[in-house]
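> Sequence:
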Amino acid sequence: MDLQDENKRRLAALCKSLGNLWLDGDVVEVQQEIPPNKRIECSHTLFGKLYSKPNVNFPTFTTTMKKAWKVEAVVFIQKKSGFFSFVFESEEDKERVLKSAPWSFNSNLLVLKQYEPEIPKHCYDFSKSYFWVHIVGLPPGWLIEEVFAEVAGKVGVVKEIQLEFRGIGPYKTGKVKVELELSAPLKTGALVKIGNRNLWVEFKYECLPHFCYSCGRIDHSV
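Using the UniProt record's numbering, the first residue of the sequence shown is number 1, and each one after it goes up by one.
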């Protein structure tokens, strides 16, 4: 068991023991429904965290991201260093920005999360992010969705697969949207066994922010 797993185990045990200290009379049961206006407010809002370098010039950050997103009707709020909320006037603009992730500011990854009315602000997990990954080197006969999903599973959790036609005939290329653990080194490829042959396939990442070429991590300090 590594240090991170051990810390998680200890934290879970501590929370369980603390929970046993509460009396039934100390627990407040909330039965009210979340007001519709609060749900609408949350549906128009994203949280964002700069992954590796939180200290930025806020006006410059605001101007740059509005231009990148091609949205003017959005309010930027700096919660603390490197942590922001973005309130969009249009839910369609918000969805487009979220779907087009990942985004970066000065090659520093900006991790976005949908604001959920049931989740406290301090409970959001910014340790993972989605990236599009091209898989290069598969034989034409195996350029199919099932193989892309299996190979991309070596990179992270598969969310979406896009197969693209090039000219006439079967699928020629494709890419996979995967959720990556940001603290882990980026995988450059994988060995794929097809029949009695082992083939090396490469992973090429879209919109990759600054990362360390030595250790392969997005944040060299991890």
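I should point out that these hints are in silico values taken from the structure, not numbers from a laboratory.
Among the hints, a few may not be true.
[Unchecked claim] In silico lysine-lysine, DSS-like type, Cα no more than 30 Å apart, as pairs:
no.: 1; residue 1: Lys128; residue 2: Lys49
no.: 2; residue 1: Lys66; residue 2: Lys53
no.: 3; residue 1: Lys99; residue 2: Lys67
no.: 4; residue 1: Lys38; residue 2: Lys66
no.: 5; residue 1: Lys79; residue 2: Lys38
no.: 6; residue 1: Lys80; residue 2: Lys53
no.: 7; residue 1: Lys66; residue 2: Lys99
no.: 8; residue 1: Lys159; residue 2: Lys66
no.: 9; residue 1: Lys204; residue 2: Lys121
no.: 10; residue 1: Lys80; residue 2: Lys66
no.: 11; residue 1: Lys175; residue 2: Lys113
no.: 12; residue 1: Lys159; residue 2: Lys67
> All hints are to be evaluated individually against the structure, with a verdict given for each.
Results for each hint:
1. Lys128 to Lys49: holds, 11 Å
2. Lys66 to Lys53: Holds, because 19 Å separates the two Cα atoms, which is no more than 30 Å.
3. Lys99 to Lys67: Answer holds: Lys99 to Lys67 is near 17 Å, not above 30 Å.
4. Lys38 to Lys66: holds, 25 Å
5. Lys79 to Lys38: holds, 19 Å
6. Lys80 to Lys53: holds, 13 Å
7. Lys66 to Lys99: Roughly 16 Å between the alpha carbons, so the hint for Lys66 and Lys99 holds.
8. Lys159 to Lys66: holds, 27 Å
9. Lys204 to Lys121: violated, 33 Å
10. Lys80 to Lys66: holds, 19 Å
11. Lys175 to Lys113: The hint holds at about 22 Å.
12. Lys159 to Lys67: Holds, because 27 Å separates the two Cα atoms, which is no more than 30 Å.
Of the numbered hints stated above, the single one contradicted by the structure is hint 9.
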